[in-house]
Structures are given as structure tokens and as C-alpha cells.
Amino acid sequence: MAEPALQLRALTKRFGATTAVDEIDLAVAQGEFVTLLGPSGCGKTTTLNLIAGFLTPDGGEIHLAGKSVGSRPPFERDLGIVFQDYALFPHMTVAENVGFGLKMRGLDSKEIERRVGEALAMVHLPGLGARRPLQMSGGQRQRVALARALVIRPAMLLLDEPLSNLDLKLREEMRIEISNLQRRLGIATVFVTHDQGEALTMSDRIAVMRNGRIEQIGAPADIYERPATRFVAGFIGAINMQPAVVSSASSDGYARLETPAGPALARLPTGFGAGVKTTLTVRPERLRLGAAAPENAVAWPATVEHVVYLGARREVRLRLADGSAAIAEVTNDGSGGRAAGEKVTAWFKPDDAWVIPENASD
Amino acid sequence: MKQRSWPWVALTIAVAAIYVFIVGPILITTAVSFNATNRSYFPPQGFSLRWWADVFQPQWVQPLLFSLELATLTCVLATAFGLPLAFALHRYDFPGKALIRALVMGPLILPTLVTGIALLQFLTIVGLGSWIGYGALLVGHVVICLPFSVRTVAISLHTIPPNVEAAAGSLGARPWSVLRHITLPLLIPGIFAGMAFAFIHSFTDVNLSLFIARPGERPITVTILSFLEYGFAPTLAALSIISLLIPLALVAILGRFIGIGNFLFEEQGRG
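Protein chains in written order, with the numbering used here: chain E, 1 to 362; chain S, 1 to 271.
The hints are simulated quantities; they were obtained by calculation from the structure and are not laboratory data. Quick caveat: nothing in here was measured; it's all calculated off a predicted structure. Glycine is no exception: its CB is placed at the ideal position from the N, C-alpha and C atoms. Accuracy of the hints is not assured; some may be wrong.
Stretch by stretch, here's where chain E covers chain S in the computed footprint (C-beta under 8 angstroms, at least three residues) [as the list claims (entries may be wrong)]:
(1) 162 to 171
(2) 178 to 188
Pair by pair, the computed Cβ-Cβ distance ranges are [as the list claims (entries may be wrong)]:
(3) S:F21 to E:G138: 44 to 50 angstroms
(4) S:L184 to E:E113: 23 to 29 angstroms
(5) S:Y19 to E:G138: 41 to 47 angstroms
(6) E:E113 to S:I28: 56 to 62 angstroms
(7) S:P84 to E:T56: 21 to 27 angstroms
(8) E:E61 to S:A252: 46 to 52 angstroms
(9) E:S71 to S:T159: 29 to 35 angstroms
(10) E:G41 to S:L68: 56 to 62 angstroms
(11) E:T201 to S:W176: 37 to 43 angstroms
(12) E:E113 to S:L244: 48 to 54 angstroms
(13) E:T56 to S:A252: 47 to 53 angstroms
(14) E:R132 to S:I28: 56 to 62 angstroms
Below, simulated SDA-like cross-link-like pairs (lysine to any residue); rule was C-alpha separation at most 25 angstroms, straight line [what the hints assert, rightly or not]:
(15) E:K103 to S:E165
(16) E:K343 to E:H306
(17) E:K103 to S:L225
(18) E:K277 to E:A299
(19) E:K103 to S:T223
Let's have the full structure, built from the sequences with the hints guiding it.
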């Protein structure tokens, strides 16, 4: 098997008393798109800066295509980087910006011109080479930054929250465009964001970070549907959580649980015996409402508190029997909404719940 | 404009005051320089260019050229020292940084008169009395102009967009190339604004020069001052206009070609 494009081993960075990056291990395969996702201060940007060489690690190793680069300066690392604020050179034209890396590599001006033209066409800005970055819109600048990073045919692409300065519609467009470009070029990419939507739609794998550590790494569906910790579950999307105690684990992979809202049945990883404290989670779109629940479903009585109209969907805020809050998201399919104060049955199939092996008190 | 609110009135008054007290005297001085009599009448009596012809006598041309040379050398030297100093003060932390900052910026607060007397005494005491004259003038002018170079370059450094230098590095530029292709070009307006300030400050200085200049090597300001003892001849009016036009022309040229206008009047626009 080929060397991974990037390998981090026990990578550590401290700023004074705080450990910003705490013994991180991560491997990014050739052509893979890996997202570092987390709240601000979780260490994701520091990790990116370590990979880029803008910071020197206090411990651990960074390997790019199998070679250790821990102490190498940025200009020897052969990485394409797109910054949050684009960091275009304001005193240069777009063509000079895009051609800068090629000029530094000593290419002749004919070749530079040809490749800059190609790169600008690739990001759908053909013929705009003579413009100045300041004459361009945010989306165009973003494309220039992308072209500038890719034209040098780097070993790897690093993206530092590149979409957060764009408005919503443009951001969604650029998501798709960056993804397509990345797949077409087959370039290994590390993408840093705090936006779970971007992470879910663009990534091959997501590493959710917290306090300088990777809390969970996996495919978007793994992270969303099978979160390893309460933090991951809560950070990505809305989720209903109930503290749950295993009352009996059955051999077929399901377990009976006791929760304050009522008894429940859910899939459970092996190795959890009766009495183990866990957290039962159900995504709002998997929590359904009705007058009565079908057979085999877990059903809890609930009262509608408030309905938030979202256009295509409705978010129904519920109060469960134990007084805890829950959210159900229902499709706006014309079947009529729920009214505040209405008594309903909130139900879910055991396969739609996910048990996290840690309790709220952990 | 239909605005008649009090800020509008205040602005109108301020603008009127600027015209009366800044442009007014300049216009009067210009008019006086064309007097036909040898008294400084206003409005001028008759019209003559004899005072303007007078200005081009060696008696005046020599100190004028001396001032130009001194100011040019001063602004080049102040920039040569100011650029690395600004870098050091803005980018790095080192022991004694606060002290160096205070020393560099000190002349901005210190009256130049005090600097002049101090420099005179210092040179005499340490036995460099022979320096008094051109050498000491140059040293003194560089010292009092240094804060302008350091400040303007520091402001420019501050306005460099974050990450552009890092971006250049990631694209394969070595530190020296980053400095040459990215940092210095972005500092150009600041460097030239600093040079303009230094030039003007040196060219218009009286206080320091008064103490250190030697007869025969006097800047135009000191020459004008000593001539004033004999009264205000229309020659001085003509000289004043020339002394005014030189810095104005400098700022106009720099403003046209390098865009220091933005730098002088507001926060520097990026690009």
C-alpha cells in the first residue's frame, strides 16, 4: 500500500501552560479529504499550522509522503494552502498572485503564463488575470486563492476555514466546487472548519477535535449516526439525549434500558452488562410523533410545547413525562402541524437510537 | 446641502478658519513678494520681480541648496535606520525593547530646542567640538526625524494583511524572497511617507539648526531668521514662498505616484 500523504504521530504543541494540540495521531491517505472539525480553541487550526510549518511542534512527528518534515520551514514542504481571509497579495494582479509559486520555483514566464491560464480556467475565472484582488468579490477571491494553491501541484492541500467569509448561497456552491475539484485532482486534503454542514457534505472522513485531542474520527455517517461520545453527538447536529441504565443486555445486540422518560430498547455494543450507566441518543428526524406507536417501537408520552416552522420541516419542541425536553423534526408534508399543548406519543424504532457508553455525569 | 445641524455649522466654521488663518497668510505673503517698494506693503504697491531676482543671489541660493542637501541626506539616513528599527520593534520581542522604543520616539516629544542644546553640549564635552557644523547637523536631524520613519513604517507593517507572508512562504518563497516580493512592496507607501515627513521636518527645522549650524553652512531657515533682525523685506516673502513650495511639491509628487496621500490623511487603503 502507498505511503499515506500525511501522517501525524503524537503531535503536540503547547502555548505556555495550555496544550493546544495533545498527542494527535492521524493518517491521511493519498486522495483523501479529511476534515478537522471542532469548536474554536479545540486545536484544529494549530494542527493545520503545524502541518504547514508555520509553528514548530513541541513533540511528535509529521510525515509528508513518508518523509519527516517536523523541523522543515514552510517553503520546503510543497503544500497548497488556502487561508480563511484568502491572503492574496494586494499589490499583485490575479495572474501574478496565481503565478507566484511557479515564479519561486524558477519556471520560465511562458510556462508560468500557460499554467496560470489553466488554473484560472479550472476555478472558472478565465481571462481575469489582469484584475487586482481588491476588484473582486469574496467568491472570486476564494477561487483565486484556490488556483494559487493548486497551480504549484502541491503534494497536499490545506484549507483553513476557507468558506466562513462567504455568504450562505455562495458557501454551498463553493462546497460542491471544492469537493469536485479535490476529487478530480485526487489531491490529499486537510480541511479545517467549525461548520458541521461543511464537514458532513465534503469529507471522506471527519476528525472531531476537542481540547487538543481527536475525540472521534470516521466517515460522516459514522460520526453523525454512531457518535462515540456525548460531545461528538452534541457538536454535530441536534440530538436528544437521555441518561440510561442498562437493565438487561440481550444476546441479539439489543438491550433494555431504563431512562427517566421511560423504558427503552436500543442496540448496544457488546460488553455492557446490567447496571452500566450510558446515554441514549435519538436524532430529531428519527423521533416520530403520533397518536399511538407501532409495535416494537419505544414510545414515550409527550406534550407539544412549541413548534418552529422551518419551511420544508417543522421542529417540534416536546416536554417528556420526566420533565426533560426533546425535539422532533417532522417533514412539512401537508399532514398538518402540531399545536402547542397537544398530547402526543413520541416514538422511535430501536434501530434508530444509539447508545453512547458514557453518562452525563462522566 | 440642506443640512443645517450644528455639526454642519461647526464644520463650516472650521473650514472657514483654515482658509483665513492658513491660506490667507500665504496669499498675503505671495502678494507682498511682488511689491515694487522696499517695504512689505499689503496690498502691494506697484508690481516688480526684483525681490524674486534677489532670491536667486548666492546669498540665498547657497543656504537653500544646503537645506535641500541636508534634508535629502537626512531622510535617506532616517529611513535606512528607521526601516530595520521599525521591523525590530514591531515584529520581535527582545530585552530592552521598551527602552529602545522610548529612545527612538523620544525626540517626538522632546522640544527640538532641548535636543539642540543637549547635542551642542554633548559634542563639546566629549571633545567632538570640531563636529559642530555639518556632521553634527546631520546627526541631529537624523535623530529628530527618525521617529517619523519608524512610525510610518510601523503603521505600514501593521496594515499588511495577515497571512500574506505565510502564504508566500507556503508557495515556496524563502524568507529573503518574501521580504523582497511581498513585505517591502507593501511597505512602500509607509517608507515614502516617512521619507516625506523626515524631509519636511529637516527642511523646516530652526530650533536644532540654530545651535549647531556654523556660519557659512547655514540652512535656509536659520539664514531667514538672522536676516529678520534687519526687518521683513519682500525678499523674505519670496523666500518663504519657495520654502513652502519645495515640501508641497514633494508631497504632491509622492502622492501622485506612490499614493502616500492615503497614508497622510487616513488609514492606508489596502492596495
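These are the hints, each one checked on the structure:
A count of 9 residues in the segment 162 to 171 of chain S with a Cβ less than 8 angstroms from any Cβ of chain E is obtained; the coverage claim is therefore met, three being the minimum. With 4 residues carrying a beta carbon less than 8 angstroms from a beta carbon of chain E, the segment 178 to 188 of chain S meets the three-residue requirement, and the given coverage holds. Taking 44 to 50 angstroms as the suggested C-beta distance range, the pair F21 (chain S) and G138 (chain E) conforms, at roughly 46 angstroms. Taking 23 to 29 angstroms as the suggested C-beta distance range, the pair L184 (chain S) and E113 (chain E) conforms, at roughly 25 angstroms.
The beta-carbon spacing between Y19 (chain S) and G138 (chain E), approximately 43 angstroms, falls within the hinted interval of 41 to 47 angstroms. The beta-carbon spacing between E113 (chain E) and I28 (chain S), approximately 60 angstroms, falls within the hinted interval of 56 to 62 angstroms. Distance hint for P84 (chain S) and T56 (chain E): a CB-CB separation of about 25 angstroms, consistent with the stated range 21 to 27 angstroms. At roughly 59 angstroms, the beta-carbon separation of E61 (chain E) and A252 (chain S) lies outside the given 46 to 52 angstroms, and the hint is violated.
For the pair S71 (chain E) and T159 (chain S), the supplied restraint of 29 to 35 angstroms holds, since their beta-carbon distance comes to about 32 angstroms. The supplied range of 56 to 62 angstroms is met by G41 (chain E) and L68 (chain S), whose beta-carbon atoms lie about 57 angstroms from each other. At roughly 42 angstroms, the beta carbons of T201 (chain E) and W176 (chain S) sit within the given window of 37 to 43 angstroms. In this structure the hint that E113 (chain E) and L244 (chain S) lie 48 to 54 angstroms apart at CB holds, the actual value being about 49 angstroms.
In this structure, T56 (chain E) and A252 (chain S) meet the distance hint of 47 to 53 angstroms, their C-beta atoms being roughly 48 angstroms apart. A beta carbon spacing of about 45 angstroms between R132 (chain E) and I28 (chain S) contradicts the range 56 to 62 angstroms that was offered as a hint. For the hint pairing K103 (chain E) with E165 (chain S), the CA-to-CA distance comes to about 16 angstroms; that is within 25 angstroms, so the pair holds. Proposed proximity of K343 (chain E) and H306 (chain E) is supported: the alpha carbons are some 12 angstroms apart, at most 25 angstroms.
Among the hinted pairs, K103 (chain E) with L225 (chain S) is inconsistent with the structure: their alpha-carbon atoms are about 57 angstroms apart, more than 25 angstroms. This hinted pair checks out: K277 (chain E) and A299 (chain E) have alpha carbons roughly 21 angstroms apart, not beyond 25 angstroms. Under the criterion of a C-alpha separation no larger than 25 angstroms, the hint pairing K103 (chain E) with T223 (chain S) is inconsistent with the structure, at around 55 angstroms.
Hint compliance for this structure: hints 8, 14, 17 and 19 are not met, and every other hint is.
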